[in-house]
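Respectively, the protein sequence lines represent chains A and B. Each residue of the first sequence is one higher than the last, beginning at 113 in the numbering used here. Each residue of the second sequence is one higher than the last, beginning at 17 in the numbering used here.
Simulated from the structure, these hints should not be mistaken for laboratory data. Any given hint might turn out to be false.
Lysine to any residue pairs mimicking SDA-like chemistry, simulated, CA-CA at most 25 Å apart [stated by the list, open to error]: (1) Lys99(B) to Leu268(A); (2) Lys99(B) to Asn256(A); (3) Lys99(B) to Ile180(A); (4) Lys99(B) to Arg40(B); (5) Lys99(B) to Ile49(B); (6) Lys99(B) to Phe202(A); (7) Lys99(B) to Ser240(A); (8) Lys99(B) to Val174(A); (9) Lys99(B) to Leu115(A); (10) Lys99(B) to Cys273(A); (11) Lys99(B) to Leu239(A); (12) Lys99(B) to Ala267(A); (13) Lys99(B) to Asn133(A); (14) Lys99(B) to Ala85(B); (15) Lys99(B) to Ser88(B); (16) Lys99(B) to Glu86(B); (17) Lys99(B) to Ile35(B); (18) Lys99(B) to Val269(A); (19) Lys99(B) to Phe198(A); (20) Lys99(B) to Phe178(A); (21) Lys99(B) to Glu158(A); (22) Lys99(B) to Cys271(A); (23) Lys99(B) to Arg39(B); (24) Lys99(B) to Ile274(A); (25) Lys99(B) to Ile89(B); (26) Lys99(B) to Ala171(A); (27) Lys99(B) to Ile266(A); (28) Lys99(B) to Val135(A); (29) Lys99(B) to Val123(A); (30) Lys99(B) to Leu162(A); (31) Lys99(B) to Glu136(A); (32) Lys99(B) to Leu276(A); (33) Lys99(B) to Ile42(B).
Pair ranges (Cβ atoms, derived) [what the hints assert, rightly or not]: (34) Ser240(A) to Gln96(B): 35 to 45 Å; (35) Arg40(B) to Met182(A): 11 to 21 Å; (36) Arg40(B) to Ile244(A): 38 to 48 Å; (37) Ile71(B) to Leu264(A): 35 to 45 Å; (38) Thr18(B) to Thr275(A): 17 to 27 Å.
All values derive from a computational prediction rather than experimental measurement. Even glycine gets a Cβ: it sits at the ideal position worked out from N, Cα and C.
Letter by letter, the chains look like this.
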Amino acid sequence: LHLFFGVLLIVCSLLASFSLNPVESVLFLILCFYLSACILFIFNVEFLALTYVVVYVGAVAVLFLFIIMMLDIRVKKNFFNKYKFFIYFFLVSSIYIFFVFILFYLNNTFFTSTSANVDTLFLVDTLSNIEIFGQVLYNYHIVNFLVAGVILLIALVGCVCITLDHNRQNKKLF
Amino acid sequence: LTFQIAICLSMFVIGTLGILYNRRDILIVLVCIELLLLSVGILFIVFSIYLDDMIGQLFAIFILTVAAAESSIGLGILTQYYKITGDISVIDIGMLRG
Chain A
113 LHLFFGVLLI VCSLLASFSL NPVESVLFLI LCFYLSACIL FIFNVEFLAL TYVVVYVGAV
173 AVLFLFIIMM LDIRVKKNFF NKYKFFIYFF LVSSIYIFFV FILFYLNNTF FTSTSANVDT
233 LFLVDTLSNI EIFGQVLYNY HIVNFLVAGV ILLIALVGCV CITLDHNRQN KKLF
Chain B
17 LTFQIAICLS MFVIGTLGIL YNRRDILIVL VCIELLLLSV GILFIVFSIY LDDMIGQLFA
77 IFILTVAAAE SSIGLGILTQ YYKITGDISV IDIGMLRG
């Protein structure tokens, strides 16, 4: 089943990055986020899957949709700068082909070894994904958590500073 | 597992090529940056499940946080750019140089 979602992810990301209409790109991006959440559900990390839906689709994609709503986006002609693009394409694809070669063709047993025997895990006291997150994040990685909060604060203040207009006359509020 | 890594690697490369290809619409560049971060996040989670370590999933949440923050700031800059020029084409942005 994750093969199906994976192939659909690749197709959607291709269409998102290479489509002519920016509105189509954002819609395919939303589809990519939703498919990645489905894949994460299959891997049994339900908290992360729902977090991806809520944060990525619910906040980031909604931001993109607001931008599309507000800006007048025209669909231009396909301006295809051939030679520069093919140089980049071959550079990036060489790295990609190198990794795919390592993955598929070298007959390494590193990835194809048998997975852990999951049947015995359910006899032990199991924690759900959210509980594991709570135990690890707040006990050992509290500093990272607070730094993430500071990052969000800086992003918030930065957005307000960027879109603040100094020339507007301050009307009285009360 | 192998196919999952191949999927995420493909998404990463497609995102990179999308950034290099879309010089005219900076909105699609931001979309491709989100694709890059999504692929890296899924890769972190897949490896953390395989290696039975929790730090991968934790770091995927932090990647999510940073992605949301930078997309919001990027879109704010895009809004201001549109206010000034009235268009979101960045082909002639080299003319901003004094």
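- prompt: So does Thr18(B) sit 17 to 27 Å from Thr275(A), Cβ to Cβ?
  reply: Violated - the Cβ-Cβ distance for Thr18(B) and Thr275(A), about 45 Å, lies outside 17 to 27 Å.
message: Can you confirm whether the C-alpha distance between Lys99(B) and Ile89(B) stays at or below 25 Å?
response: holds, 15 Å
field: Distance restraint between Lys99(B) and Ile274(A), which requires alpha-carbon spacing of 25 Å or less
entry: Holds - the C-alpha atoms of Ile274(A) and Lys99(B) are around 12 Å apart, at most 25 Å.
- prompt: Within 35 to 45 Å or not, the Cβ separation of Ile71(B) and Leu264(A)?
  reply: Violated, since Ile71(B) and Leu264(A) (Cβ atoms, about 21 Å apart) do not stay within the stated range.
query: Taking only the CA atoms, is the gap from Lys99(B) to Cys271(A) under or equal to 25 Å?
result: holds, 15 Å
- prompt: Keeping to a limit of 25 Å between CA atoms, is the pair of Lys99(B) and Glu86(B) held or broken?
  reply: holds, 20 Å
field: Distance restraint between Lys99(B) and Ser240(A), which requires alpha-carbon spacing of 25 Å or less
entry: This hinted pair is violated, its Cα atoms lying about 48 Å apart.
query: Are Arg40(B) and Met182(A) spaced within 11 to 21 Å by their CB atoms?
result: Check passed, 19 Å falls within 11 to 21 Å.
- prompt: When you check the alpha-carbon spacing of Lys99(B) and Leu115(A), does it fall within 25 Å?
  reply: violated, 44 Å
query: Would you say the C-beta atoms of Ser240(A) and Gln96(B) sit inside 35 to 45 Å of each other?
result: Given about 44 Å between the Cβ atoms, the range holds.
query: Under the criterion that the straight-line Cα-Cα distance not exceed 25 Å, is the pair Lys99(B), Phe202(A) satisfied?
result: violated, 37 Å
query: Does Leu239(A) lie within 25 Å of Lys99(B) when you go C-alpha to C-alpha?
result: With Cα atoms ~51 Å apart, Lys99(B) and Leu239(A) exceed 25 Å; violated.
Hint violations for this structure: numbers 2, 6, 7, 9, 11, 19, 21, 29, 30, 37, 38, all remaining hints satisfied.
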